[in-house]
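Turn these sequences into a full structure, and let the hints guide you.
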Amino acid sequence: MERTIELHNGCKGKSLSDALDIALETGYRHIDTAYVYENEDVVGDAIQRFLNSGKAKREDLFIVTKLFGGFHRGEEVEPALRESLKKLKLNYVDLYLIHTPMSFKKSDKELVMLVDDHIIPDPVDHLETWKAMEEVYKKGLTRAIGLSNFNIEQMQRIIDNCEIIPHNIQVECHIYWPQNELFDFCQKYNISFTAYGPIGSPGRKESRLGVLGVADINKEPAPLEDAAVKSIAEMHKKTPAQILLKYLIQRGMIVIPKSTNEGRIKENFNVFDFKLEESDMSALANRPIKKRLFLFYWARKHPDFPFEPMD
6 MERTIELHNG CKGKSLSDAL DIALETGYRH IDTAYVYENE DVVGDAIQRF LNSGKAKRED
66 LFIVTKLFGG FHRGEEVEPA LRESLKKLKL NYVDLYLIHT PMSFKKSDKE LVMLVDDHII
126 PDPVDHLETW KAMEEVYKKG LTRAIGLSNF NIEQMQRIID NCEIIPHNIQ VECHIYWPQN
186 ELFDFCQKYN ISFTAYGPIG SPGRKESRLG VLGVADINKE PAPLEDAAVK SIAEMHKKTP
246 AQILLKYLIQ RGMIVIPKST NEGRIKENFN VFDFKLEESD MSALANRPIK KRLFLFYWAR
306 KHPDFPFEPM D
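Mapping of the sequence shown onto the working numbering: position 260 corresponds to residue 265, and the numbering continues sequentially without gaps.
These are computed hints drawn from the structure, not numbers from a lab.
All C-beta atoms in this analysis are idealised placements derived from N, C-alpha and C, irrespective of residue type, glycine included.
Honestly, I wouldn't trust all of these hints.
[Stated by the list, open to error] Distance condition first, Cα-Cα at most 20 angstroms in a straight line; then the derived SDA-like pairs of lysine to any residue:
| hint | residue 1 | residue 2 |
| --- | --- | --- |
| 1 | Lys-306 | Asp-127 |
| 2 | Lys-295 | Ala-227 |
| 3 | Lys-242 | Asn-275 |
| 4 | Lys-224 | Ile-169 |
| 5 | Lys-91 | Ser-22 |
| 6 | Lys-271 | Ser-287 |
| 7 | Lys-110 | Arg-292 |
| 8 | Lys-94 | Pro-84 |
| 9 | Lys-62 | Glu-30 |
| 10 | Lys-92 | Arg-63 |
| 11 | Lys-235 | Gly-268 |
| 12 | Lys-19 | Arg-54 |
| 13 | Lys-143 | Lys-110 |
| 14 | Lys-62 | Asp-26 |
| 15 | Lys-94 | Leu-66 |
[As the list claims (entries may be wrong)] Computed Cβ-Cβ distance ranges for the label pairs, DEER-style:
| hint | residue 1 | residue 2 | range |
| --- | --- | --- | --- |
| 16 | Asp-127 | Lys-19 | 33 to 39 angstroms |
| 17 | Phe-279 | Pro-308 | 41 to 47 angstroms |
| 18 | Asp-130 | Ser-284 | 18 to 24 angstroms |
| 19 | Ile-294 | Glu-267 | 28 to 34 angstroms |
| 20 | Pro-308 | Glu-239 | 43 to 49 angstroms |
| 21 | Lys-60 | Tyr-97 | 18 to 24 angstroms |
| 22 | Arg-63 | Lys-271 | 47 to 53 angstroms |
| 23 | Gly-59 | Asn-195 | 32 to 38 angstroms |
Here it is as structure tokens:
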């Protein structure tokens, strides 16, 4: 599950199709997408091309998609997953995640409707949604179920009231937001941990939701430009991106870098032929900047908003 590629909203059409072909040929086997990214159909086509080539079997791939925030009611979960499966052209996914703890009202006009730069909350008890997730798991529509962007308190409530403990949590994690407490919590319950934005997600500036609430996206701290990262990269004859990925992998995390660039796709894959020293790991673990880069500003007033306010 380490050799992964993430497919964010905005990455569609031929650029995505070409990137997927390159990634699968390079050796990536874990593909991460979501209903809200609006690219599951393109992902499905790429998967079928690769499987039809005879270069891999379905069981060799690990496909992840996510429950949209507008489908949290119990009766909506299975139809939502079945719609994703139809687009992906699969009988099952390997992991199905609740994409966000914030459920909101749907719109016929646009996928995520904002009023004054904010979603319209439509709170649904997480336990109701999770029970429906357990049911699709039991039906074999997904091989595992999990959460994304939930905090410890929200996760603990599910764990205390569930039949099936979440198999995975996916959250923002990088040297400036190391998620130490959440990672320790997940280890306690044997919940696998996936880090999105592991190199700082420089592409998020292209996302409408990604830049909301950010005073100046070009002045945001950039892990790729961190002095310690650059120094360690030079010492190991690797790129800053490779160092950032290796740091999280050595911590025991799954990483999902995003790219449609052929060179970077291959570069991000080439992180298994070296090891960071203890001094490297310590330097990366103790960067002075502590900051979330994904603000979720569009949901900041939601009663289930999982994060502390950022300064």
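Any hints this thing doesn't respect? Which numbers, in order? Of the numbered hints, 4, 6, 7, 13, 18 and 22 do not hold.
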